[in-house]
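Engineer: Chains as they are written, first to last, in the working numbering: chain D, 1 to 391; chain G, 1 to 391; chain R, 1 to 377; chain H, 1 to 377.
These are computed hints drawn from the structure, not numbers from a lab.
Nothing here was measured: the structure is a model prediction, and the numbers come from that model.
Incorrect hints may have been included.
[Unchecked claim] BS3-like mimics (lysine-lysine), calculated; alpha carbons at most 27 Å apart, straight line:
#1 H/K13 to D/K314
#2 D/K110 to D/K230
#3 R/K128 to G/K314
#4 H/K264 to G/K181
[Claimed, not checked] To list a few chain H residues with every Cβ distance to chain R over 10 Å, as calculated:
#5 D227
#6 Q277
#7 G278
#8 H281
[Unchecked claim] A few chain G residues facing chain H, derived, Cβ under 8 Å:
#9 G30
#10 P31
#11 G339
#12 Y341
#13 W350
#14 F365
#15 S366
#16 E375
Here a beta-carbon is modelled for each residue, glycine too, at the ideal position from N, C-alpha and C.
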Amino acid sequence: MDFRFSQAEEGFRQELLDFLRRELPSQWEGPVGSTEGNDWDLTLQMRGKLAQKGWLTMHWPKDYGGQQASPLLSLIFNEEMSYHRAPGRDIFGARMLGPTLMIYGSEEQKRKFLPPVAKGEVQWCQGYSEPEAGSDLASLSTRAEDMGDYFLVNGSKMWTSLAHRADWMMLLARTDPEAPKHRGISFLLVDMRSPGVEVRPIVNMAGSHEFNQVFFDNVQVPRENLVAEKDRGWYVAVTLLDFERSGIDNAASSRRLLDDLSEFLWEAQERGFHRASEGWVEDLLAERYVETEVARLIAYRVAWMQSQGLVPNKEASVSKVFGSETFQRVADTGLKILGLYGQLTWEDQWAPLHGRFQDAWRHGFSNTIAAGTSEIQRNIIASRGLGLPRG
Amino acid sequence: MDFRFSQAEEGFRQELLDFLRRELPSQWEGPVGSTEGNDWDLTLQMRGKLAQKGWLTMHWPKDYGGQQASPLLSLIFNEEMSYHRAPGRDIFGARMLGPTLMIYGSEEQKRKFLPPVAKGEVQWCQGYSEPEAGSDLASLSTRAEDMGDYFLVNGSKMWTSLAHRADWMMLLARTDPEAPKHRGISFLLVDMRSPGVEVRPIVNMAGSHEFNQVFFDNVQVPRENLVAEKDRGWYVAVTLLDFERSGIDNAASSRRLLDDLSEFLWEAQERGFHRASEGWVEDLLAERYVETEVARLIAYRVAWMQSQGLVPNKEASVSKVFGSETFQRVADTGLKILGLYGQLTWEDQWAPLHGRFQDAWRHGFSNTIAAGTSEIQRNIIASRGLGLPRG
Amino acid sequence: MDLALNETQQMLKTSARDLLSRECPYSLVRDMEEDARGYSDELWRRMVDLGWLGLAIPEKYGGAEGDFLDLAALLEEMGRALVPGPFFSTVVLGGLTILDAAGDDMKRDLLPRIARGQLLMTLAITEKGGTYESQEIEVQARREGEEYVIEGTKLFVPDAHVADFIIVAARTASGSNPKEGITLLLVPGTADGVSVTPHRTLASDKQCEVVFHGVRVPYSAVVGEIDGGWPPMERALQRAAAAKCVEMVGGAEAVLEMTVEYLKQRVQFGRPVGTFQGVQHHCANMAIDVEGSRYAAYQAAWKVSEGLPAAREVSMAKAWVSDAYLRVCSLAHQCHGAIGFTQEHDLQLYTRRARVQEQAYGDARFHRRLLAQTLRA
Amino acid sequence: MDLALNETQQMLKTSARDLLSRECPYSLVRDMEEDARGYSDELWRRMVDLGWLGLAIPEKYGGAEGDFLDLAALLEEMGRALVPGPFFSTVVLGGLTILDAAGDDMKRDLLPRIARGQLLMTLAITEKGGTYESQEIEVQARREGEEYVIEGTKLFVPDAHVADFIIVAARTASGSNPKEGITLLLVPGTADGVSVTPHRTLASDKQCEVVFHGVRVPYSAVVGEIDGGWPPMERALQRAAAAKCVEMVGGAEAVLEMTVEYLKQRVQFGRPVGTFQGVQHHCANMAIDVEGSRYAAYQAAWKVSEGLPAAREVSMAKAWVSDAYLRVCSLAHQCHGAIGFTQEHDLQLYTRRARVQEQAYGDARFHRRLLAQTLRA
């Protein structure tokens with residue numbers, strides 16, 4: 001047993017930290033409020049630089065522009081990027097599309113789609129959920145009619161993160177409406193500039209535009225953009241879903257919030273914010289600290305399993321539930337400690353930490369919903385993990 | 001709106017308090033440890049005195065030896081009895097059998113069975129649960145064969161509180177094994193001295209003997225002891241179950257524990273038990289205090305509804321869940337505050353408050369299970385209370 | 001014991017729910033988040049016409065002579081409908097404080113105008129310490145000739161940006177007991193030296209920073225007794241906390257109902273989501289919290305209404321409801337899934353306000369501390 | 001990074017589980033609750049024969065030269081099997097403290113006898129303050145000629161009733177820093193003036209009140225440095241807390257498995273209870289707590305084993321596992337229903353011990369306070 005990272009891994013962490021110190025705007029504490037436009041420029045800039053370092057797709061095989069980095073290096077990468085609130089990572093292209101195409105894609109698809117991702121030149125999005133297909137994803141009804149050379153797509157997708165920035169979409173659509181629901185679904189790669197694609201923003205309760213609804217009106221998708229066999233797309237998607245559940249982002253973001261808060265409170269205490277020195281505050285902060293550290297260990301464990309060639313399953317769900325709920329608890333604790341000040345947003349001159357806690361709290365509601373609700377994760381833990389019979 | 005009790009109600013409370021001060025052993029703080037033998041003598045003594053005052057069955061109609069007291073008087077009675085840990089109440093006879101017979105019993109049954117209860121001369125127990133029929137009570141399999149003049153009972157009952165003290169049992173047994181499970185059950189009154197009845201103790205994790213398993217081997221129950229029609233016993237039992245769920249006992253017991261603890265801590269603090277003055281203690285105690293007060297209000301609300309002729313349903317389940325969980329939280333909080341001392345039992349000279357908190361904690365596990373688990377109560381709240389469709 | 005509202009209160013609730021469902025739709029609530037003033041003249045006039053502004057004001061001052069419980073019943077409905085605007089600050093913070101503490105002249109001057117909806121008021125307590133305790137009050141009012149000169153900054157003052165008068169808790173004498181030497185002063189919102197900047201809050205409500213710079217008011221601006229402002233201020237805080245709790249109960253119940261409705265409709269895995277035990281138990285937990293909140297809140301309001309000592313009941317209520325309402329909202333989000341998280345959905349309107357309401361007039365820990373003090377005493 | 005036990009440790013665990021499932025059935029655990037000594041000679045001999053007593057003792061002192069992690073792996077299995085008796089006190093509290101702090105003579109004298117199972121030991125820290133802090137240590141040892149004379153009372157001393165030697169933390173000098181002036185003294189359990197009374201605890205384990213009345217020991221009884229006993233005591237507490245966490249993980253996992261098995265078998269409403277989402281989610285929550293506990297505990301044990309600074313990791317682990325294990329037990333009871341609450345059922349054996357283990361070597365709040373101190377530093 002050894003809880004340390006290797007020298008090489010620690011070396012990488014140091015290189016990454018140096019890189020971030022160099023490349024991020026000075027005094028960078030992460031994006032503030034809805035400064036979305038500027039952020040996107042910075043995101044693209046950073047993505048380019050990450051691609052140059054080869055880090056964007058470091059976990060990919062060398063053949064496809066990766067470095068065959070171990071899951072532990074990816075873990076470190078994600079941990080530090082999250083902790084430093086650094087923009088530029090590519091969840092959809094690098095973490096989801098890539099691994100999927102490497103398993104299911106044709107040689108042409110790999111050659112066409114992977115290099116631009118590795119170079120950070122393209123934005124992907126994920127077209128899975130629909131208004132009537134949330135947790136029950138397989139009940140999706142967006143139709144892709146097989147027209148021979150192409151598929152004709154009609155319907156709409158919901159909660160599509162970054163669709164408004166995306167060049168391409170991984171689309172799940174129904175190709176056989178007669179088949180049992182898991183059996184008639186296909187996995188298509190859709191050019192977002194195709195005629196008939198329309199993207200409408202969904203603004204969330206934190207006031208930011210991350211989600212979209214995407215409408216398809218007789219959109220033609222060439223047959224060569226079908227991944228794996230027709231009607232087998234559900235199984236492709238399921239593989240991908242397991243790449244989505246990572247707890248380290250939540251653990252690292254939670255830890256950062258706590259560190260920021262602690263630092264703020266020491267100073268505020270001296271400036272006469274008496275609340276910071278009340279008896280319950282220390283205990284509550286320490287409780288959250290323990291949780292973030294446990295969340296980190298659980299996430300490490302998942303990555304370590306992967307590094308051993310094991311497939312985390314229950315473990316990934318444990319990490320997802322615990323990480324996302326820890327994040328919510330940390331945000332809530334921060335607001336409870338900050339008291340009346342906690343409600344102020346970044347635009348208010350009195351706002352502590354640029355209103356970051358209320359922002360985290362508002363955003364945090366989605367953490368236990370997106371990428372599989374906590375209820376679904378607990379079902380997985382109970383049935384797949386503990387072997388309890390399905391209800 | 002008026003949250004006060006009437007003058008008459010307050011007068012009764014005062015009378016009861018005077019009675020308790022007079023009749024309980026001096027400095028009475030409730031039974032300590034497993035001093036069970038003595039307690040039972042005291043229980044019978046107190047029961048006799050309560051009967052003399054007419055309080056044992058005060059909520060019964062005057063015809064049957066009651067005082068037709070309002071549910072609010074019963075509430076006050078139960079609140080003070082619980083708070084003072086006073087023995088002598090009769091849950092099974094007075095709170096369950098009585099109301100049931102008044103609805104479903106024949107005139108003879110009422111005349112035979114009710115007066116001894118009102119006089120405090122008889123102990124009843126409740127023969128419902130079985131080893132294989134817990135939450136799913138209707139799946140019970142104890143058999144009562146209709147032999148004309150009598151029923152022949154075979155099988156066994158589980159978790160029968162006080163069976164070892166009981167003269168009579170309210171028994172649910174299956175009279176028609178072919179009928180759908182709710183339809184073939186009858187409600188019988190069984191003399192515990194009948195040949196073929198055997199009582200075996202079940203000791204609980206608090207080391208005390210409250211439960212029993214009761215075995216029936218060809219026990220003959222005269223036909224006149226059938227309550228309501230044959231095969232209709234389930235509906236009789238369901239009525240009874242609603243009498244079982246009361247939150248005031250939990251609220252009052254919780255409040256008493258907290259009051260004891262607070263008093264102990266002020267003194268202990270002065271004697272150098274520094275833990276009592278740590279910052280988290282005050283907040284935690286106040287949190288529990290608020291919960292016990294909320295539990296009390298919720299229980300008051302149930303009794304008030306009854307006093308208005310309304311039938312609490314969801315409200316009774318809310319009171320049961322919240323009261324029982326509050327009791328567990330209070331016991332847990334006490335142990336957390338008492339630290340190493342909390343684990344000591346009454347037999348240890350260093351035990352704070354006669355080891356009452358560890359005792360409450362151990363007993364408390366049954367509070368969220370007996371008389372309908374918290375899960376079952378939450379199902380009731382969701383389906384009967386909020387109208388969510390059954391799963 | 002009587003745990004029901006009386007007939008008049010029931011009628012008031014029914015008519016308020018009816019009116020507000022028509023005239024205060026969620027679209028108005030949304031619009032007012034963006035609006036600089038934060039309320040609509042039309043709705044305000046409707047409320048005035050129905051006599052809501054004067055509901056708790058005695059007849060001799062132009063009101064309807066209702067009591068605090070009548071007002072509470074109305075506030076529950078306003079909380080349910082998320083009514084935007086300065087009703088709470090004008091009536092609960094302003095009007096009732098004047099009624100409680102001011103001399104008859106001031107009452108005769110202000111209360112009838114409040115009842116007629118012609119005067120907006122608020123109360124300025126909190127400063128940079130961010131709490132509702134006497135020792136945090138540092139705004140100074142020093143005597144100069146026949147005037148007080150006010151200097152300092154108040155924070156989190158509700159609706160000060162539209163208030164005709166702000167009742168300011170200012171320090172007029174110093175001493176070892178922070179509860180002494182505080183005076184309540186009636187300051188016109190337009191007085192020279194008053195500058196008001198609305199805060200930017202997560203609920204987009206209108207709490208304000210109010211800076212007093214050499215603001216002069218005459219002696220006659222004193223509300224109640226010189227140096228004796230803290231006792232009426234404590235009573236004002238109790239009224240505000242109790243009223244806020246009832247308002248929150250209205251919101252919490254709306255959230256529960258909205259969630260149950262959604263779960264009945266929404267189908268996943270071939271059956272209504274509401275049939276899954278997981279969300280059923282979430283809803284049961286919400287119902288438990290709503291039930292407890294309702295009676296804790298009304299017990300506090302009733303005590304205030306009767307003029308009985310209410311410190312313990314108010315602190316108990318605010319300690320409980322502050323946390324319970326947020327729990328209810330969190331579970332509602334979990335039951336709603338992604339849709340509840342969108343700006344378009346009405347749920348988040350409640351959630352964001354629940355967070356602000358948690359803090360208003362003391363959060364759970366503040367009130368648990370007060371409670372611990374009353375228990376020890 | 002390597003989050004698995006090594007092969008030797010795995011083998012050790014497998015053989016321990018095998019042995020204990022045969023030789024330490026729950027019936028023995030129950031019997032030993034009633035037994036005055038609290039352990040069985042037969043099982044003790046088997047453990048000695050397998051070399052468990054000397055596992056973490058260097059070869060030169062007659063041990064197997066294993067490290068703390070090896071011992072941890074074994075303790076996990078002992079926690080799973082609820083092994084009664086003075087193994088923990090003799091090895092973790094006694095042996096490792098001697099190994100860490102004593103001079104070579106004392107090591108040569110004691111450690112081989114421990115390894116051979118001929119010597120039982122324990123460590124006496126806590127006093128009437130009921131905590132593990134230096135300022136609570138008031139037992140006095142004053143020099144008199146060539147002896148120390150010990151006076152005072154220790155509480156909650158595990159297995160003192162059978163210990164051949166008790167290492168006593170006593171105050172030998174007073175000063176402003178409570179961490180200074182403490183000396184560890186080796187006191188024979190049978191020394192004149194030592195009286196031992198086992199506490200009555202809810203787990204019926206054998207913690208003792210130990211009264212020292214004019215107890216005389218020679219200078220040679222000093223373990224380590226005079227007046228310098230607190231640093232090794234802190235290390236001993238860290239070892240004990242880390243070891244206890246691993247033991248608790250063993251118990252928690254057994255509780256989870258027992259619960260899942262029961263839920264698969266138990267049928268209500270015509271289907272296994274384990275199919276209901278309510279209890280499924282209870283089990284998921286238990287699994288989350290077990291998972292977190294395992295890695296928190298082993299991280300602490302690993303740090304100790306490597307001789308790295310471990311204060312933060314140990315406090316984190318004990319803070320987490322203390323509460324998590326109790327949560328696991330509570331949910332297990334809720335899943336088991338009434339049966340788990342009976343004395344006959346094995347679940348409650350774990351539950352009662354979880355409560356004792358929560359407090360041993362510092363509970364969650366104690367360790368969160370230590371943690372807060374390390375974070376601020």
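Engineer: Please go over all the hints and tell whether each is borne out by the structure.
Structural biologist: Hints and how they fare:
1. H/K13 to D/K314: holds, 23 Å
2. D/K110 to D/K230: Holds. D/K110 to D/K230 sits at ~18 Å (cutoff 27 Å).
3. R/K128 to G/K314: violated, 45 Å
4. H/K264 to G/K181: With Cα atoms ~23 Å apart, H/K264 and G/K181 stay inside 27 Å; holds.
5. D227: holds, 41 Å
6. Q277: violated, 4 Å
7. G278: violated, 5 Å
8. H281: violated, 6 Å
9. G30: violated, 18 Å
10. P31: The hint is violated - G/P31 has no Cβ within 8 Å of chain H, the shortest such distance being about 17 Å.
11. G339: holds, 5 Å
12. Y341: At about 5 Å, which falls below the 8 Å cut-off, the nearest Cβ of chain H leaves the hint on G/Y341 intact, so it holds.
13. W350: holds, 7 Å
14. F365: holds, 5 Å
15. S366: holds, 5 Å
16. E375: holds, 5 Å
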